[in-house]
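Trainee: Chains as they are written, first to last, in the working numbering: chain A, 1 to 221; chain B, 1001 to 1203.
Note that these hints are calculated values from the structure, not bench results. Incorrect hints may appear among the rest.
Claimed, not checked - Listed next, the stretches of chain B that the computed footprint assigns to chain A, with coverage defined by at least 3 CB atoms under 8 Å from CB atoms of chain A:
#	region
1	1068–1074
2	1084–1091
3	1117–1130
Claimed, not checked - Here are some chain B residues the structure puts well away from chain A; computed CB gaps all over 12 Å:
#	residue
4	GLU1038
5	LEU1050
6	LEU1057
7	SER1199
To be verified - Taking beta-carbon pairs under 10 Å as the criterion, some of the chain B residues facing chain A (in silico):
#	residue
8	TRP1053
9	GLU1064
10	ILE1081
Bear in mind the structure is a predicted one, so any value in this text is a computation, not a measurement. Every residue gets a Cβ at the ideal spot worked out from N, C-alpha and C, and that includes glycine.
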Amino acid sequence: MTGAQAAGFTGREADSSAASAVKALQAGGRHAEARERYAELVGRHQRRASRIAFHYMRDVAEADEAVQDAFVKAYSHLSSFREELPFEVWFTRILINGCLDRIKARTRRERWIAPMPDGPAGERDFGERVAGNDPSPEDQLLARERRERLARALAKLPERQRSVFMLSHYEGCTSREVSVVTGLNESTVRVHLFRAIRKLRTLLGEGHAAETKVEKRRVHS
Amino acid sequence: MSILNRLRLTAHLDDAGLTTIWTDASATGVRQSNAHLESCSPCRARYAELASWLETLRLDATTEAHENFPPERLAAQHAQIFRRLEAAERPARVIAFPRFAQPLTSRTSHASRWIAAAAAAGLIVGVGVGQLMDLRHSLARATTDARVAPTTMARGVDPRMQPGNVTRDEAFLSDLDASLSRAAVPELRALDAFTPRASELPR
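From just these sequences and the hints, can you work out the full model?
Mentor: Here it is as structure tokens:
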């Protein structure tokens, strides 16, 4: 067992005991104590949850709201949580379902309302404002372009492939964990992951080739 | 070893094969040993290139997410979550219907009540005085008219035949005559000659 895996198991045990304690406190009507104990769980999973929500939503404010909703929902439905499942997996399922609902709502909204242009004070600039000043502006620009290309390519993947790729690759979940979160069986998870990588390679390869061509043409002219 | 197996071992892995190995490794957390990959350095290099490309994607995505969620933002999010949890657990606040609500009392309430009463009284008095003044004026006008009418009637003269009015009528008629006698436009003289005069018409 690797160190990370051991840490994961310890974390899971801690999650499990915290979740059980919160449940018992809630049942006993000791809400303030239950909230205090729940804060442990929130602190442990908040960063990861924000990351997952951001990968789905691609918008900081919406990701923030999705994470808040998921934690509030998990707390109020903790009585339905079964200890045989890791809290992390149960919570991720709630979070992803919330994100998918939000994406559906956003798609409906965007069909009718014209999008706002990204202004200088837009949310997208928040990260840029708070980011450290280590990389050069050129590196930052290249990184941003690369990320935008990746986000566009990811958005072109079917929903299941995208979920499987993000959970497996970005979050390091095993196929069993992804199968529990998504409700797909393990072999299907592997197939989706394989297809997602192949498609991303094609999409990003094509995008890169097209950009190189344009750049070459610009240099020649 | 069969020829087929030997061929399989010597043939280079294509992109799909490399992706399968990577996918299996990612799914289980352990890379399965692949005989060809162990022995073929070009395939190993291509596998390393694929793994590094995927690692770049992961790092880019993770960095971007971390940049967008700095510790301050996470702290604010944490606080907001617990505010919402507290609000959800607090019993709903019932707002009393206005009839049963406590009357608002303040130190200035008596003063403001007096001011309101004075303003209302002022308004009523103002309207009353206004009405009285108007009544007085109309009464005075009626009295004057009543005084003038009997004198005119007593003289037996039609008001339209008063000296001023007669002078004005005469002036008007003389103006009319002057304009008729004056043939200002030569082109209309012939037409004028054809037009019968009032005096020429048979009575």
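Trainee: Look at each hint and say if it fits the structure.
Mentor: Results of checking the hints against the structure:
{"no.": "1", "hint": "1068–1074", "verdict": "holds (count 6)"}
{"no.": "2", "hint": "1084–1091", "verdict": "holds (count 5)"}
{"no.": "3", "hint": "1117–1130", "verdict": "violated (count 0)"}
{"no.": "4", "hint": "GLU1038", "verdict": "holds (22 Å)"}
{"no.": "5", "hint": "LEU1050", "verdict": "violated (8 Å)"}
{"no.": "6", "hint": "LEU1057", "verdict": "violated (6 Å)"}
{"no.": "7", "hint": "SER1199", "verdict": "holds (86 Å)"}
{"no.": "8", "hint": "TRP1053", "verdict": "holds (8 Å)"}
{"no.": "9", "hint": "GLU1064", "verdict": "holds (5 Å)"}
{"no.": "10", "hint": "ILE1081", "verdict": "holds (5 Å)"}
Hint compliance for this structure: hints 3, 5 and 6 are not met, and every other hint is.
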